[in-house]
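Taking the hints into account, I'd like the entire structure generated from these sequences.
Residue numbers (numbering that gives the first Met the number 0), protein chains in the order written: chain A, 0 to 281; chain B, 0 to 265; chain C, 0 to 288.
There could be a bad hint or two in this list.
In silico PhoX-like links for lysine-lysine, alpha-carbon gap of 25 Å or less [claimed, not checked]:
{"hint": "1", "chain 1": "C", "residue 1": "K78", "chain 2": "A", "residue 2": "K144"}
{"hint": "2", "chain 1": "A", "residue 1": "K144", "chain 2": "C", "residue 2": "K22"}
{"hint": "3", "chain 1": "A", "residue 1": "K144", "chain 2": "A", "residue 2": "K130"}
{"hint": "4", "chain 1": "B", "residue 1": "K175", "chain 2": "C", "residue 2": "K77"}
{"hint": "5", "chain 1": "A", "residue 1": "K178", "chain 2": "C", "residue 2": "K242"}
{"hint": "6", "chain 1": "C", "residue 1": "K65", "chain 2": "B", "residue 2": "K175"}
{"hint": "7", "chain 1": "A", "residue 1": "K274", "chain 2": "C", "residue 2": "K260"}
{"hint": "8", "chain 1": "C", "residue 1": "K283", "chain 2": "B", "residue 2": "K67"}
{"hint": "9", "chain 1": "C", "residue 1": "K135", "chain 2": "C", "residue 2": "K123"}
{"hint": "10", "chain 1": "A", "residue 1": "K144", "chain 2": "C", "residue 2": "K16"}
{"hint": "11", "chain 1": "C", "residue 1": "K193", "chain 2": "A", "residue 2": "K219"}
{"hint": "12", "chain 1": "C", "residue 1": "K16", "chain 2": "B", "residue 2": "K70"}
{"hint": "13", "chain 1": "C", "residue 1": "K16", "chain 2": "B", "residue 2": "K175"}
{"hint": "14", "chain 1": "A", "residue 1": "K219", "chain 2": "A", "residue 2": "K130"}
{"hint": "15", "chain 1": "C", "residue 1": "K236", "chain 2": "A", "residue 2": "K274"}
{"hint": "16", "chain 1": "C", "residue 1": "K283", "chain 2": "C", "residue 2": "K260"}
{"hint": "17", "chain 1": "C", "residue 1": "K60", "chain 2": "B", "residue 2": "K175"}
{"hint": "18", "chain 1": "A", "residue 1": "K178", "chain 2": "B", "residue 2": "K175"}
{"hint": "19", "chain 1": "A", "residue 1": "K144", "chain 2": "B", "residue 2": "K175"}
{"hint": "20", "chain 1": "C", "residue 1": "K236", "chain 2": "A", "residue 2": "K178"}
{"hint": "21", "chain 1": "B", "residue 1": "K236", "chain 2": "A", "residue 2": "K130"}
{"hint": "22", "chain 1": "B", "residue 1": "K236", "chain 2": "A", "residue 2": "K144"}
{"hint": "23", "chain 1": "C", "residue 1": "K22", "chain 2": "A", "residue 2": "K178"}
{"hint": "24", "chain 1": "C", "residue 1": "K26", "chain 2": "B", "residue 2": "K175"}
{"hint": "25", "chain 1": "C", "residue 1": "K78", "chain 2": "C", "residue 2": "K22"}
{"hint": "26", "chain 1": "B", "residue 1": "K175", "chain 2": "C", "residue 2": "K22"}
{"hint": "27", "chain 1": "A", "residue 1": "K274", "chain 2": "C", "residue 2": "K284"}
{"hint": "28", "chain 1": "C", "residue 1": "K77", "chain 2": "C", "residue 2": "K126"}
{"hint": "29", "chain 1": "A", "residue 1": "K144", "chain 2": "C", "residue 2": "K60"}
{"hint": "30", "chain 1": "B", "residue 1": "K197", "chain 2": "C", "residue 2": "K77"}
{"hint": "31", "chain 1": "C", "residue 1": "K16", "chain 2": "B", "residue 2": "K63"}
{"hint": "32", "chain 1": "C", "residue 1": "K78", "chain 2": "B", "residue 2": "K197"}
{"hint": "33", "chain 1": "A", "residue 1": "K274", "chain 2": "C", "residue 2": "K283"}
Everything labelled a hint here was simulated from the structure, so no lab data went into it.
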Amino acid sequence: MDFIRTEHLSFYYEQEDEQQNTPIDVLRDVSLSVKKGEFLAVIGHNGSGKSTLSKHFNAILLPTGGKVFVEELDTSDEDRIYDVRRKVGLVLQNPDNQLVASIVEEDVAFGPENLGVAPEEIRRRVDEALKAVDMYEYRLHAPHKLSGGQKQRIAIAGILAMEPDCIVLDEPTAMLDPKGREEVISAVTKLNRERGITVVLITHNMDETTRCDRVVVMDKGRILTEGTPREVFSQVQLLRSHRLDVPQATELCSMLSACGVDFLQLPLDTEECVKVLSEVLL
Amino acid sequence: MMRDITLGQYYPSNGVLHRLDPRIKVLLLIGVIVLIFCTFNFYALGVVALLVAASVILSKVPVKLYLKSMKAIILVILITSLLNLFYGTGEPIFQWWIFKVTADGIKNSIYVAVRIISLVMVSSSLTFTTSPTDLTDALERLMKPLSVLKIKTHEIAMMMTIALRFVPTLLEETDKIMSAQKARGADMESGNLIRRIKALIPVLVPLFVSAFRRAYELAMAMECRCYQGGEGRTRMKQLHMSARDFVALGVLLVAVAGVVLCNIFL
Amino acid sequence: MSNPILRTESLSLVYGKGTPFEKQAVKNVSIEINRGEVIGVIGHTGSGKSTLMQMLNGLIKPTSGKVFLDGKDIHADKKSLRNVRFRVGLVFQYPENQLFEETVRRDIAFGPHNMGLPEEAIEKRVKSAAAFAGLKPELLDRSPFDLSGGEKRRAAIAGVIAMDPEVLILDEPTAGLDPMGREDLLSQIDAYHKSRNNTVLLVSHSMEDIAGIADRVLVMNHGECVMLDTTQNVFSKAAELEKIGLRIPQITKITSELRAKGVPLSEGILTVSEAFEEIRAILKKEGRL
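In structure tokens:
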């Protein structure tokens with residue numbers, strides 16, 4: 000079942016320039032669906048439109064052309080805007096700028112408080128959300144003293160406490176170190192696998208997408224290609240020609256296969272690569 | 000390092016004052032401040048001093064910290080009590096050149112000193128025992144009746160909350176920008192006042208730019224979390240008055256009675 | 000080499016000495032950095048690497064130990080400390096957050112201006128620094144706040160390059176950039192280094208980036224320098240690095256695992272093309288290609 004569906008979504012903004020008022024196209028005719036319970040990754044360069052796309056999923060931005068539906072709700076229906084945002088939570092890039100309160104648990108409570116949830120129920124949700132991202136023991140800490148990965152997990156807990164069906168993360172790892180990245184990716188993977196929450200992960204780190212069900216590659220406001228991680232990363236030539244990253248394991252084997260080495264399928268990670276290469280070389 | 004500065008001076012411990020309802024603490028503080036200014040003789044002043052001493056002891060915060068907060072205003076106390084010492088009326092006890100000290104003057108200067116010291120001590124005992132968030136919370140709830148007067152109490156409280164959250168972040172950022180500009184040879188330590196103010200531009204401009212960017216992103220994040228102002232909002236933390244809060248109020252009432260009695264009869 | 004450009008002697012830094020918050024950020028670091036080298040600096044967040052970098056240009060004063068620039072103790076003469084910062088240029092993390100001038104040109108000129116250079120010299124430096132950082136000349140008269148993220152980053156880096164430092168330290172210059180921006184910036188830095196032949200220290204979390212550019216790698220852990228060796232040697236010690244929570248480049252890992260299984264590959268392969276060439280050679284020798 001489609002949970003989020005975009006139909007010929009286009010988005011442009013007018014450049015605020017004195018000389019010219021040319022519209023800048025950010026998204027051009029994007030038709031995409033996110034299935035319920037799916038773990039979808041959207042990759043692409045800065046400026047490919049992937050962040051803009053993510054902000055359409057919870058009505059932070061509204062299409063200038065086409066439509067976006069969350070279940071049966073049209074995101075441009077102003078009366079239902081908070082229903083959309085309750086279903087689809089958005090986590091932003093900079094963990095520092097999305098935490099409101101100076102105590103972790105109060106920050107997580109912010110969303111449900113806004114929704115008018117009863118106090119005891121908020122307490123329950125906050126504790127559960129913090130446990131879900133392994134941050135329960137930090138509930139009384141001040142956010143500014145936590146690491147980037149921890150802050151980002153608090154931000155995820157803040158969205159989780161609103162009990163959304165879907166979490167969209169707009170480059171949540173761009174400002175984190177490798178450890179923080181791993182923490183965040185494992186946390187969202189867990190939410191998807193164990194709670195069935197639909198996850199849309201926007202990123203430019205290809206190695207974060209290997210655990211996804213499906214990858215959509217954006218380029219210049221359009222969908223360049225989509226498929227399972229294996230299907231997408233096998234198109235090494237296409238990705239390379241758009242200067243997108245490919246795991247080194249995949250790249251090496253694709254170079255070898257271009258010289259005539261036969262692989263059943265291109266490997267995506269170290270383990271697979273060692274396996275297929277030892278079959279070839281030993 | 001600037002990042003070590005904590006806002007307010009909250010000192011975590013489990014003293015009686017820590018466990019009081021923050022709303023009660025704010026009310027008590029207001030009460031004690033009023034009392035301090037309504038003491039008209041030494042007996043009444045003694046009652047207030049006792050009350051203040053009790054709050055310092057009950058706060059379970061090292062007295063050293065209280066003395067530290069006194070250090071900043073010791074000069075103010077000295078100057079005001081000296082001025083009062085020389086401005087008394089009546090028979091001089093002691094006279095030298097244009098300075099004359101009267102009994103009245105001595106009395107006044109002691110009054111002033113004790114009042115200021117009490118004021119600082121009792122305010123510190125509130126900030127030492129109440130975390131900034133609790134304080135904001137208490138103020139929001141206490142201000143609520145003011146919304147009848149069209150005062151936007153929720154907005155004020157929200158601003159305080161956000162300020163508390165972002166002051167440490169911005170301090171840290173200031174630190175970073177200053178280092179980055181110093182690495183490009185910015186000289187912020189020498190020169191006259193005008194030069195120094197000018198030298199701050201490379202720090203202040205990026206700081207403002209970043210503060211605005213943060214504000215923009217925070218606003219977006221708040222929208223993502225369905226923030227729609229104070230209406231229809233609930234709070235996770237509920238404040239409950241307990242027996243000890245009533246006892247504290249009772250103590251204040253006894254002190255008020257004591258001061259009134261001292262003022263009238265002694 | 001006998002005359003290192005930078006040398007530290009048991010450098011240590013303790014924050015908040017005597018308080019309950021006491022923390023040893025840097026512990027007894029003695030290293031030598033030679034002229035013309037590219038050093039990759041790796042370690043966890045909080046391993047002390049950024050602090051160490053700020054000690055190398057005198058921004059942070061060590062609690063004990065010394066830093067020698069070209070043989071001279073940088074803290075020996077307080078007045079020359081500012082001069083040290085011109086000679087050891089430091090690009091902070093997210094340097095675009097420090098841009099402040101009305102135009103990119105004036106922002107890049109800030110450093111050279113502080114050096115007290117004459118106007119013509121400054122203009123020349125701004126132009127060449129912008130070119131080194133890969134910033135298009137037509138952007139120079141724009142406001143830095145109108146640039147794109149990647150361009151801002153380049154403008155900020157140009158601001159340090161314009162001081163023409165003998166040592167250029169970059170603290171995670173590619174953080175937050177997309178793969179294309181990262182690749183471009185790294186090759187720009189590489190080209191800059193090759194043409195100026197100065198010393199470059201590059202702090203990064205990306206082992207692949209380090210592998211592609213560094214001559215030697217400095218590994219920091221808990222404030223201590225645990226390794227300073229050639230890139231190949233450092234990345235050959237996968238087990239030791241993993242013990243302190245660091246990875247090695249994927250390609251190095253793959254080839255070393257193949258090597259352990261008996262495939263005759265060299266130790267410490269750092270790039271995909273190296274691995275490709277060796278594997279192709281093996282297959283050719285066996286007549287399978």
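| task | Decide if the proposed pair is consistent with the structure: K236 (chain B) and K130 (chain A), CA atoms, cutoff 25 Å inclusive. | result | Holds, at about 19 Å.
| Between K178 (chain A) and K175 (chain B), does the CA-CA distance stay at or below 25 Å? | holds (23 Å)
| query | Within 25 Å, alpha carbon to alpha carbon, are K144 (chain A) and K130 (chain A)? | reply | holds (19 Å)
| said: Check the hint pairing K219 (chain A) with K130 (chain A) against an upper bound of 25 Å on the C-alpha distance. | reply: violated (39 Å)
| field | Agreement of K144 (chain A) and K22 (chain C) with the hint, judged by alpha carbon distance not exceeding 25 Å | value | holds (15 Å)
| query | Do the alpha carbons of K22 (chain C) and K178 (chain A) lie within 25 Å of each other, as the hint requires? | reply | holds (22 Å)
| said: Given the hinted pair K236 (chain C) and K178 (chain A), is their Cα-Cα distance within 25 Å? | reply: It holds: about 20 Å lies between the C-alpha atoms, which stays within 25 Å.
| message | Check the hint pairing K135 (chain C) with K123 (chain C) against an upper bound of 25 Å on the C-alpha distance. | response | Answer holds: K135 (chain C) to K123 (chain C) is near 15 Å, not above 25 Å.
| request: Assess, step by step, whether the Cα of K26 (chain C) is no farther than 25 Å from the Cα of K175 (chain B), and give holds or violated. | output: holds (22 Å)
| Proposed proximity, K175 (chain B) with K144 (chain A) (alpha carbon, max 25 Å) | holds (16 Å)
| query | When you check the alpha-carbon spacing of K178 (chain A) and K242 (chain C), does it fall within 25 Å? | reply | holds (14 Å)
| said: Run the distance test for K193 (chain C) versus K219 (chain A): straight-line Cα separation, threshold 25 Å. | reply: violated (34 Å)
Hints 1, 8, 11, 14, 25, 28, counting from the list given before, are not met by this structure.
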